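Protein chains: 6
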Amino acid sequence: MKVTICRKEHFNAAHRLYHPDWSLEKNQQVFGKCSNVNYHGHNYELVVKLTGEPDAQTGYVYDMKKLSDLIHENITNRFDHKNLNLDVEEFFHLNPTAENIAIVIWNILRNKIDKNLDLKVIVYETERNFVEYPGR
Amino acid sequence: MKVTICRKEHFNAAHRLYHPDWSLEKNQQVFGKCSNVNYHGHNYELVVKLTGEPDAQTGYVYDMKKLSDLIHENITNRFDHKNLNLDVEEFFHLNPTAENIAIVIWNILRNKIDKNLDLKVIVYETERNFVEYPGR
Amino acid sequence: MKVTICRKEHFNAAHRLYHPDWSLEKNQQVFGKCSNVNYHGHNYELVVKLTGEPDAQTGYVYDMKKLSDLIHENITNRFDHKNLNLDVEEFFHLNPTAENIAIVIWNILRNKIDKNLDLKVIVYETERNFVEYPGR
Amino acid sequence: MKVTICRKEHFNAAHRLYHPDWSLEKNQQVFGKCSNVNYHGHNYELVVKLTGEPDAQTGYVYDMKKLSDLIHENITNRFDHKNLNLDVEEFFHLNPTAENIAIVIWNILRNKIDKNLDLKVIVYETERNFVEYPGR
Amino acid sequence: MKVTICRKEHFNAAHRLYHPDWSLEKNQQVFGKCSNVNYHGHNYELVVKLTGEPDAQTGYVYDMKKLSDLIHENITNRFDHKNLNLDVEEFFHLNPTAENIAIVIWNILRNKIDKNLDLKVIVYETERNFVEYPGR
Amino acid sequence: MKVTICRKEHFNAAHRLYHPDWSLEKNQQVFGKCSNVNYHGHNYELVVKLTGEPDAQTGYVYDMKKLSDLIHENITNRFDHKNLNLDVEEFFHLNPTAENIAIVIWNILRNKIDKNLDLKVIVYETERNFVEYPGR
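One line per chain: the protein sequences are A, B, C, D, E and F, in this order.
According to the working numbering, the first sequence is numbered sequentially starting from 1.
According to the working numbering, the second sequence is numbered sequentially starting from 1.
According to the working numbering, the third sequence is numbered sequentially starting from 1.
According to the working numbering, the fourth sequence is numbered sequentially starting from 1.
According to the working numbering, the fifth sequence is numbered sequentially starting from 1.
According to the working numbering, the sixth sequence is numbered sequentially starting from 1.
It should be emphasised that the hints constitute simulated quantities derived from the structure, not laboratory data.
One thing to keep in mind: the hints can contain errors.
Identical copies go unnamed one by one, so any copy, or any two together, can satisfy a pair.
Each computed PhoX-like pair below joins lysine-lysine, with the alpha-carbon atoms no more than 20 Å apart [as the list claims (entries may be wrong)]: (1) K66 with K33; (2) K33 with K65; (3) K115 with K49; (4) K26 with K8; (5) K65 with K26; (6) K112 with K65; (7) K26 with K66; (8) K49 with K2; (9) K120 with K2; (10) K120 with K33; (11) K66 with K8; (12) K49 with K26; (13) K120 with K65.
The model shown is predicted, which means the values in this text are computed figures rather than measured ones.
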């Protein structure tokens, strides 16, 4: 009897998409205006989903308050009001596309949550652009 | 060629999280402010999903109007503007966490809908806290 | 050159509409299902608006972070996860309609904010029912 | 390491639900007010999801801008501000239920996107009525 | 001590913008794709606002349930799942722009609501196009 | 018989709040995490409101399509996917608070729109922080 619980958090960050080995022209051609050299930014919305059996006594799969705290400590406190390329070490050598942001967040959280709970991460870059990563 | 149809409904209810065998202190420790003795409340959003083959003549998997009526008769007419702990018998002896609310709704609706349609229930306690239950 | 800044916060609360001098039947007749004796509840959204001249040095009418803290200290810490009728003294003898909730919040905040800033309060009881109070 | 990218677009269209072999009465009985002979309309929201491995160099599963352009060229330029029954040939002999709209869109896009990417289509007829089609 | 109460309702309708004295070309030039001869449609959202003094006994400016019923009887029952140009007499000789829809709704409701309450109407044609009419 | 028409557009931008004459410490103290030296960013939503008499022939106060084009040409094409502090000249010597962004946008648009139409600008920095500027 597995239930999935979902917690939505947000962070506001600057980023720039580019490949360090490519010329400015090549980067503009591939990433368009997302490659603006002075960065641009987003209000990211992050949904973290955990799937497991509800505890018989509490009726909780996982305490939503604890999940929210865990996301704050490990993700939003480090990403919010930051420049992903310059301030967050996971993106010093990794292009901060929505896909890579979701993978990075999943990898960080996977180590903090009991393995008998399945983990899925959804990242909204805008209301109209979003990605889902269920892990490997 | 299976399609999933989804209908969203809502209900406004009071509830309190607690375990009857635990002290007030233990309940506060486990459930925090959700255990306030005088209750608190939510605008719940409920999404019901049915998966099956569209009918060749109507192009419907299931009539959305009938699904809405079914949810009203069996769920929202009984849950809306109620205290889940005191007014809804399924929660007289079951803690009304979002997880348990989704399981209860799934169990009620499963008996009312043809078994060749898969059923999934999503319950939003707030815009940021929600649960999904695909059934057993 | 006046600008209005707006901050949205939320709180989840139980309440019941009724008049203490009226019979149960009269209350049901006037307030319908909102008068359920065991309470029901809502995810309230609160928008607080302040109008004034932006400061020449900061470019702020009022620091949004300070406004958010002020609302937390004076309103949401006292209203969130509470029963408005039983836990919040302003409603011990005042019916907690959306209208009265907005007036109570305006009266509390008016005393905490410099008088050269105009104050307006909006309370969403649901996405479809909301009230606006610009003060006296 | 598969990631799903999602792009949301919209179109505004008129439609009418009916079966050409049935009487007006039978159509009204089955489709209710959705069968109004002079049509009604919706702001449709369309979500297209592609699942695959992110490219090692770009960090993209698929360029969101290209996906948006593809949807515009093949779907929204043909469906937006149109009457689905009268202006869009796929529905000349197919009832434009949300289910059939999703299937038609999936069939059109499946031919335009590399087969090693999984495709899923979600169509919102209203905020409260929506369908999901993951393909055959 | 005036408070404004607001009620949001919705209706789904087809329409076409055109001037009957103009050629097809002139209509296309002025109204663009909104002038498609076979109509298109929208999920309209309607907000009705009433401003007045809360009643001392109920704490209501106006019963939200009664306001909702009034809007259903006079507006949405007549507009929902209809073609505004062909099915709603107010638009037989009036172009159903969002501006004119708001004015028509205001005129209808003004006759049904006590004159000591101020009336304002907001019509959302889409999430991004909307109009406000406070009356004459 | 004045009606207000409203058009919502968006742009994604990076920015940093700071006063050039102040030390890093003073800027951090006043602007908190909004003063991060490497910038952060937002999905800004912009609402432009025009108030005037609907034209007798078209039923339009102003063509929404033309208003959208005007906003694109003068605002979003210049602000979207940019760093407001470094790429947009109006903010080279002006702190890009939401207040100042609204004033700058109003000043730009006021010169492009007929003076017999009233102009108001609303800027959402996040869903919970927004400002309104009705002009001088």
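Point to revise | Ascending list of hint numbers which this structure does not respect | key: Numbers 4, 10 and 12, in rising order.
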